[in-house]
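A.B. asks: Going down the list, the protein sequences come from chains L, X, C and B. Numbering (the numbering used here) for the first sequence: 1 to 378. Numbering (the numbering used here) for the second sequence: 379 to 756. Numbering (the numbering used here) for the third sequence: 757 to 1134. Numbering (the numbering used here) for the fourth sequence: 1135 to 1512.
Think of the hints as simulated: they come from the structure by calculation, not from any bench. Possibly wrong hints are sitting among the right ones.
[Unchecked claim] If you want a taste of the chain C side facing chain L, the calculated C-beta under 8 angstroms gives, among others:
no., residue
1, G849
2, V1013
3, S1014
4, M1061
5, A1067
6, A1072
7, K1112
8, A1116
9, L1118
Glycine residues also receive a C-beta, built at the ideal position from the N, C-alpha and C atoms.
Given next are the chains, with one letter for each unit.
There are 4 protein chains.
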Amino acid sequence: MPRPRLREAGIQIGELPPGALNAITDVAGVRVGHATLVAGEGRLRPGQGPIRTGVTVILPYGGNVFRQKVRGAVHTINGFGKACGFEEVRELGVIEAPIALTNTLNVGLVADALVTYSLSQSPEIGIQTGTVNVVVGECNDGFLNDIQGRHVRAAHVHAALEAAAVGPGAVGGVGAGAGTSCFGWKGGIGTASRVVPSGAGGYTVGALVQSNFGRPHDLTICGVPVGQRIAPPGSGPGVTREQGSIMIVLATDAPLVSRQLGRLCGRAGVGLARSGSHHAHGSGDFVIAFSTAQRIEHDPAALTMTATLLADERAAMTWLFPAVAEAVEEAILNSLFRAETVVGRDGNVRHALPLKDVLAMLRDSSAEGSRSGERRVP
Amino acid sequence: MPRPRLREAGIQIGELPPGALNAITDVAGVRVGHATLVAGEGRLRPGQGPIRTGVTVILPYGGNVFRQKVRGAVHTINGFGKACGFEEVRELGVIEAPIALTNTLNVGLVADALVTYSLSQSPEIGIQTGTVNVVVGECNDGFLNDIQGRHVRAAHVHAALEAAAVGPGAVGGVGAGAGTSCFGWKGGIGTASRVVPSGAGGYTVGALVQSNFGRPHDLTICGVPVGQRIAPPGSGPGVTREQGSIMIVLATDAPLVSRQLGRLCGRAGVGLARSGSHHAHGSGDFVIAFSTAQRIEHDPAALTMTATLLADERAAMTWLFPAVAEAVEEAILNSLFRAETVVGRDGNVRHALPLKDVLAMLRDSSAEGSRSGERRVP
Amino acid sequence: MPRPRLREAGIQIGELPPGALNAITDVAGVRVGHATLVAGEGRLRPGQGPIRTGVTVILPYGGNVFRQKVRGAVHTINGFGKACGFEEVRELGVIEAPIALTNTLNVGLVADALVTYSLSQSPEIGIQTGTVNVVVGECNDGFLNDIQGRHVRAAHVHAALEAAAVGPGAVGGVGAGAGTSCFGWKGGIGTASRVVPSGAGGYTVGALVQSNFGRPHDLTICGVPVGQRIAPPGSGPGVTREQGSIMIVLATDAPLVSRQLGRLCGRAGVGLARSGSHHAHGSGDFVIAFSTAQRIEHDPAALTMTATLLADERAAMTWLFPAVAEAVEEAILNSLFRAETVVGRDGNVRHALPLKDVLAMLRDSSAEGSRSGERRVP
Amino acid sequence: MPRPRLREAGIQIGELPPGALNAITDVAGVRVGHATLVAGEGRLRPGQGPIRTGVTVILPYGGNVFRQKVRGAVHTINGFGKACGFEEVRELGVIEAPIALTNTLNVGLVADALVTYSLSQSPEIGIQTGTVNVVVGECNDGFLNDIQGRHVRAAHVHAALEAAAVGPGAVGGVGAGAGTSCFGWKGGIGTASRVVPSGAGGYTVGALVQSNFGRPHDLTICGVPVGQRIAPPGSGPGVTREQGSIMIVLATDAPLVSRQLGRLCGRAGVGLARSGSHHAHGSGDFVIAFSTAQRIEHDPAALTMTATLLADERAAMTWLFPAVAEAVEEAILNSLFRAETVVGRDGNVRHALPLKDVLAMLRDSSAEGSRSGERRVP
């Protein structure tokens, strides 16, 4: 029996309802795929293993994203990280390739694999027309994984792209989350979504995270300081030194320009802070957002295009912000709830968050009913 | 008997100990002064009153800040606000005048008053040497105050500067906090501080906030969703529409360059998020930070200076980040705990947060002892 | 007989044609107004005079800019300056009040006067709805002017707003340019415009500058190092110390979002560099841009709006960039060509650029015909 | 007989003297290495050739840059490009690996090769300590080169690192400049340096560029519009469509923090603009700067370090800014002066700038002596 996601365990974050899947794939068209690499055991032999890593790809839709781009934005909360492709997103406000997440030292190879993929879809790149900008994020999974080995190769990226699908998708220790750690426990991939009220446009916001951050005693769930009571076995200074990071990907069907997507990115930190993060020195905390509402032609016939744009001043923006905060917080917790214990290199262990104890603690704290289910969308 | 601050009511935020005063003035040399303007009652007569506003000034030390500047940084969380003086701080990394906080429409006059003050201290400005950059922040207190009247004049700024002092200082509905609102309650000025472990340098971080943000049902104290249970009387959509903002000023004696002070600013949002903010569309959320560790000559004799700088990689930075998050969260809550009910223009009321109810709710939630006092600095 | 503008003297910058007026007011609807303050002579008596300063206002159109905003962007080339209102433009991408330029120490009072003006047009501000963001730029005219006196008062701002008009407008030592200096000569207000080819949309870009920068020997006109041959009388180190700045305002009727307007701002530095600037340490070099193509309702009825947006990839963007570079370079030179000699405080003199000598030098350099008139729009 | 560099041809840019080599390697310790890939002729067979590309590496000093970093900064003039590693430089203000330049689609593989190199020097990375941030810049050489082939592999990067040396170094069509184009001519690698007056500290600034930008008719040398007279053979719209970019690397021995290095970066655009660039839409214009003055320990023993820092206000900064502008302008022109004609894929040709014609045109323009040699350092 698989471990439950947060909401399946009866815990509700925030006031807005999730989409049907409570996943980034609630945003119509969005696809997620993983390639998970687990091989070997025992002592670390750099370059050989053990391997606990992978790659996760997020596609705005199932087609040629180079020829028809989507509006996008990036945001750096703490820039201690190697995410690539950010400069061009800032300048042009579009995403033109699948987004990939992987381990820190693998960014170059994964970026190259995305180039290969883009060339295979659009062989005109570099010959008849410009170049392609790929966005890759990363977390350091070196506590469990032979990170020096850079084991994620082009074939894995292509497998993840092949596997990318709409639907609920896998979470926990999959793909780029195979080897990550969160608050001293096993972290990984998590996702969640929110739908804003119909009077605010009924738009969906989805979040997907690769969680790999946090000091054990800071873990907070629904405001309850779980980490102060429940500590990972054997958490000493060596184990718990903050080396982490988080990559956050946001998708929405709200018709936003890149400036507004950047505003959404700025609210991802709210959900992150509520889970217990303080954006530690060594934690590369990055956000990437895109809107599926309009496709931008690579080579448009006309000088201008007609666009439907959301007004900043109206109810939609008012609700999109808490929607992001809630979805990110829940996505992080889902990554913890779903991840199973992993033994990695040198016998290093990241234990699964002990849900029974956690749920008991949350139940005690909400005996008075205050912490779940009371928020309602007006 | 005055209302207690958070810690006097037995509530403890975070794991780090506060300084002796639990105030921004724990950073040696820092001075704070207020001028509080309260006059008139009844119907709003734009330009005349009622007046519920003021100005708060923060001085890095008791001397001529133009001639001997301090390192500084600014950070914009949500730029819907009129804070001024930011461009030059970004370029040069110094603060060279007292920092002032006031109401939104009063920024121009208060900036001008700071220029007057700087000229009086340094009559060479504009004649023998350059100009002076003043930093002013603001919140919209128009729910209670005749904000169109811009009642804060040069005399009030000078009075606040005259009154500026080391020591515990006033908090709540004073100075720039006289007319502000927070989570639908009366907000105002709040302050708190943290001291990092001696092994991490024993540095102090102080925060001072002008709180004016938040939807009533989002108020969160120590993770407890107080706002879901306890609502301000009469809070309907008209009363509770988010119009808010928060100004956050950070001071430290850690020897940081402006880049590092900017990193500290980035953690102010963590404390803010934990209090219940999601950086709403209309909320101008700004952070200003300075370090008192070294003075920078306006007109140095030598080409170079010798500086002691904190290493990013060591324990000090590791602790300064949660210190900021904790101090900001507590400063916000202190502003709510200490502010008294205010009746303003058109009979608009901002009630004091009902501490008895709040404390009872917090006690219930922490019956199992989880929420206070368990965190300890290693 | 007035001094000629650059093009009237037979000199042509760049390849694109100017608009009918060769001024920012070629962008339909844009209005410019000045209030020029000249009073007193002789020794500086701080606070009293002599006065050589003023204010220049630029209105995107002749109506209520608060209720119907225009898209805008700001850009800081060198942030050593006191320009205000930038944070909100960055966040929301709109300009909602007339833009004003003045002297450095007068920013606060001029900002306050713009608030007064906005309140008079829109008395709902601060009462029924939000607040107003005003953008003010500045240059240090303290070499000629009693800058400590902050002589520009609300009445002058209102007079400039009253006087604001379409049409060719005054340039040289008027308004905010009354007391400024450029390359050791008298600078001031300058303007120019460019029209992109009809196949690229036929859009107009206009630039208006307040010039106050540059070392005498760096002055360059059409690539000719004029400053190396022709020096201002008596230019010694005291006179020529770089204290300057430049404010650049760009207007266009091209339908750009704020991100794209920001891209235009980035090309203003090209024109500035070609005139001889290297963005000196003490030179606050700022750019403000707006598009008149669409008005953004302050309080829109609908969640979304329909917009026509320019594609980044097509010919329009290709031509808007050199259009900005050319218009800014020519606007700067126009400010020098038109400004008359001014004697200011303490008998300090800024001489008018000696056009006869300059034109002779340019003629010599272009004997071989290379420098004017050869560039043609394909 | 090799083609001369600019200064060898008697042309002098600016007023400051160059260093002994007039190269980035004038900054003591800086090393530059190239691997140049030229193979095949005739029709483009994507993935196979013809190959006209390479990689250029810049090392701050000859040692382990990971363990002892140098202060650094990055700056984006126009973000249409794929440069990587920028986020961490912004956050931490250091460079911790050799900087590499290559072709656009090769960034991933070159970044990966730099990781391999860093791991070989510092096998503790990812095991005992953090990760490594590599900075790679790029230009699109697809007009001459089979860019889809990504022919620069780890072995080439390692060869360039092996070859890296102090001394004059190769320029023109070498390394990352093997296949680039500039103003429709053959571009490539260029370098230059400047020394500020001894009273300003006598510091050296060096620039190295990979030039690949510009419309033919915009080429400007010493202010003379060379491109209006001398056009590359066969330059039609197909040949001359702006696809370009420029990567600019700055080195200095001045003791600057990252904020100040960022200020230097901002002046690179001045030199670029004077050569004829207007930062075209498709031109990714990026600047990377570092200071060799102090090494920053990866794992310092102490909480603080002592640093000598340059005062912003003094003469050194005053001179470093024009030094950057001059060095960048001359480095660009050197890349054009030294590059030989290259025939690439599909018989595409980039001709060498015809120096005889250019020099004749420059001589005519400076008949009156105004353009060379008159600027002197006070």
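A.B. asks: Decide, hint by hint, whether the structure agrees.
C.D. replies: Going through the hints against the structure:
1. G849: The hint holds - G849 (chain C) has a Cβ within 8 angstroms of chain L, the shortest such distance being about 5 angstroms.
2. V1013: Since chain L brings a Cβ to about 5 angstroms from V1013 (chain C), closer than 8 angstroms, the hint holds.
3. S1014: Holds, because the Cβ-Cβ distance from S1014 (chain C) to chain L comes to roughly 6 angstroms (cut-off 8 angstroms).
4. M1061: Because about 6 angstroms separates M1061 (chain C) from the closest Cβ in chain L, which is inside the 8 angstroms limit, the hint holds.
5. A1067: This interface hint holds because 5 angstroms falls under the 8 angstroms limit.
6. A1072: For A1072 (chain C), the interface hint holds, since the closest Cβ of chain L sits about 5 angstroms away, which is under 8 angstroms.
7. K1112: This interface hint is violated because 45 angstroms lies over the 8 angstroms limit.
8. A1116: violated (44 angstroms)
9. L1118: Interface hint status for L1118 (chain C): violated (37 angstroms vs cutoff 8 angstroms).
The structure is inconsistent with the numbered hints 7, 8, 9, although it conforms to all the rest.
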